[in-house]
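Asker: From first to last, the protein sequence lines are chains A and B.
Be aware that the first sequence starts at 106, since it is given in our numbering, and climbs by one per residue.
Be aware that the second sequence starts at 2, since it is given in our numbering, and climbs by one per residue.
Treat the hints with caution; some may be incorrect.
[To be verified] Label pairs and their calculated CB-CB ranges:
hint	chain 1	residue 1	chain 2	residue 2	range
1	B	P48	A	P588	29 to 37 angstroms
2	B	W44	A	G515	45 to 53 angstroms
3	A	E520	B	E77	23 to 31 angstroms
4	B	K74	A	L291	49 to 57 angstroms
5	A	V611	B	E77	19 to 27 angstroms
6	B	L18	A	L608	45 to 53 angstroms
These are computed hints drawn from the structure, not numbers from a lab.
Ideal placement from N, C-alpha and C gives every residue a C-beta, glycine not left out.
Residues per chain are reported as follows:
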Amino acid sequence: MDQIFFSGTLPPSLIFILGAMLVPALSGRLKQVYLLMLPLAALLMLMSMPNGMHWNTSLLGYDLVLGRIDGLSRAFGYIFSLVSFIAVLFALQVKDDIQHVAGLCYAGAALGVTFAGDLISLYIFWEIMAVASTFLILARRTKSAHGAAFRYIMVHIVGGLLLLAGVVMKISQTGTTAFDYIGLGLNDAASILIFLGIAINAAIPPLHSWLQDAYPEATATGAVFLSAFTTKSAVYLMARTYPGTELLIWLGAAMAAIPIFYAVLENDLRRVLAYSLINQVGFMMVGVGIGSELAINGTVAHAFCHILYKALLFMSIGAVMHMTGRSRCTDLGGLYRTMPLTCLFCIIGAASISAFPLFSGFVSKSMIISATGHGKIVAVWLILQFASAGVFHHAGIKVPFFTFFGHDSGLRPKEPPLNMLLAMGIAAFLCVYLGVNPGPLYSILPFPVEYVPYTGAHVVAQLQLLMFGALAFTLLILSGKYPAEIRAINLDTDWFYRKGGRLFYVVADKVFNGINAVSARLTAGAVRGLAALCDALPTTAAVIITAPVNWLSGSERRNGHAWKAYVQEALATGTVPTGATILVITLGLACLVAVALVL
Amino acid sequence: MKRELKIFDNPKNVRRLLMVFYTSLVVLLISEFFVHMHGDFAWEEMPFFFGTYGFVSCVALIYIAKVLRMFIKRNEDHYDKG
Chain A
106 MDQIFFSGTL PPSLIFILGA MLVPALSGRL KQVYLLMLPL AALLMLMSMP NGMHWNTSLL
166 GYDLVLGRID GLSRAFGYIF SLVSFIAVLF ALQVKDDIQH VAGLCYAGAA LGVTFAGDLI
226 SLYIFWEIMA VASTFLILAR RTKSAHGAAF RYIMVHIVGG LLLLAGVVMK ISQTGTTAFD
286 YIGLGLNDAA SILIFLGIAI NAAIPPLHSW LQDAYPEATA TGAVFLSAFT TKSAVYLMAR
346 TYPGTELLIW LGAAMAAIPI FYAVLENDLR RVLAYSLINQ VGFMMVGVGI GSELAINGTV
406 AHAFCHILYK ALLFMSIGAV MHMTGRSRCT DLGGLYRTMP LTCLFCIIGA ASISAFPLFS
466 GFVSKSMIIS ATGHGKIVAV WLILQFASAG VFHHAGIKVP FFTFFGHDSG LRPKEPPLNM
526 LLAMGIAAFL CVYLGVNPGP LYSILPFPVE YVPYTGAHVV AQLQLLMFGA LAFTLLILSG
586 KYPAEIRAIN LDTDWFYRKG GRLFYVVADK VFNGINAVSA RLTAGAVRGL AALCDALPTT
646 AAVIITAPVN WLSGSERRNG HAWKAYVQEA LATGTVPTGA TILVITLGLA CLVAVALVL
Chain B
2 MKRELKIFDN PKNVRRLLMV FYTSLVVLLI SEFFVHMHGD FAWEEMPFFF GTYGFVSCVA
62 LIYIAKVLRM FIKRNEDHYD KG
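Let the sequences and hints guide you as you build the complete structure.
Answerer: Structural data, given as structure tokens:
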């Protein structure tokens, strides 16, 4: 590690992770300033580094590269650092050090994944990301959060193991730890395993439901961190290792469409946002799957914009949660009265995710949809247009409507603390700024951009799509046909490891405990039988041994039962006939029996 | 007591907002004739294609979701029960 520590520079990942270690030692204002400095330091470090391979080191004889900086990783590095600053600012009033440390380590690990030039450091940061993020869920300290965190880490351990297996195979195949494009080969187990490991983190259906299960259980501020890193670092890695994989186009289209139906029905607002997160990553997967310069640019641009507006949406609902302790549609409504700023920020986030012209989503999502159009992938183009209208429906209208308008919940919470408002304000400003002026964003994309988002045809088409989707919402709400807000949950694929897991437990319980019970009964029966046998043995033996005496008794001979009763009584009362003849005969016969037995 | 916004407590304001919304829809439909609607597919040039597609897909979305709800809806304590 000498090269790293004595070069005068630190990789952005280590600025966060090593920096996080100092957090518990600080307090008050100093701590708050320090927390905000770390993301800025990482951002400045990244801006000062030219493209190339930096921070090369070695571990156990393997070469590690902690700083592969090129167009692709740089764009993700910028947005990860930027959103960390916003998320740290949003969480600044939190008194729980675990959350600060976990958030910073999580962000640092995501940067580590982004800049990893070798498979080993990639895997190490991948695992740090999983562990650190789990603490943001655990920190809620509720029973359901603990359950969700447990399921979350289990899923990510499986994902991590798949990645590890793939990494080990890849290294032994190629003889090097370096990686770049891998590509999905159906007879290459290593490439399939790595693909599956990334797919779990990218929340590709049916491997997606850990996300909607866990994120809504995190703390109000933790969810902002969670919304940014795990899925987008997976998007980065897919774009790096599997661009142009046709399968991803179709998986991405399914991913963009299916969660919308769930989001429409969902009562918990943060779960609505989790579903729309999966939906948006679906667009990115389509972009990676197409793999053209326009599509990859679109994916990176969309990841950039998405991280900002999704963080903004999670912050606005998080602020509501912070002030009211609630996050369900059925418990909220009418909050615009006393939280107008939060409401405004939420609407800006909603307009951005809906890709309204002049908001950030428009300048990035359009690139991906245009790429499907240029590629003449008709079905996917139609699905993505549907998904665009659908996302406006649930994230664009439903989230702000049911929180800040809709029925009056009677709640009159104040605006959240200043740091939360500032964090939302910065994110909202960037959403509008990038929407109005996409130039700076386009300039950091991996390939030269010739795309022009603002053409008359394009603006009119998008506005028609969205506004007539809004008309459908309006008419359905006014006519009472819109699915009612109800306190309920909806089954998703996490059923398989929640109920399925429980079913497995029940089956295992019944089978193994059944075997146990049968064994216990058998053992108990055998012991009892043995005990009874031992108990009866002396009498039985005496009866058998003395039987010839009875037989020799002539006229006094008793039948079997009577003799047994006589012997038992005699033994019990100690009145064994002790006449010399009888004794000799008995002993003699006993000797005979003994000799016979021995022989 | 903190100042409260009450603008939408007045039904008249809600009606006004809806009127603005409906007007903007008409403006959007008309504006289509002032720009050249071109795209990667022929149907993008059909009149009102995007408006129709947006409306129909959102209505379909809601009705499909309603059907889906019949199958997937469970009580909130579904996973808490043994």
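Asker: List, from low to high, the hint numbers that the structure doesn't satisfy.
Answerer: 4
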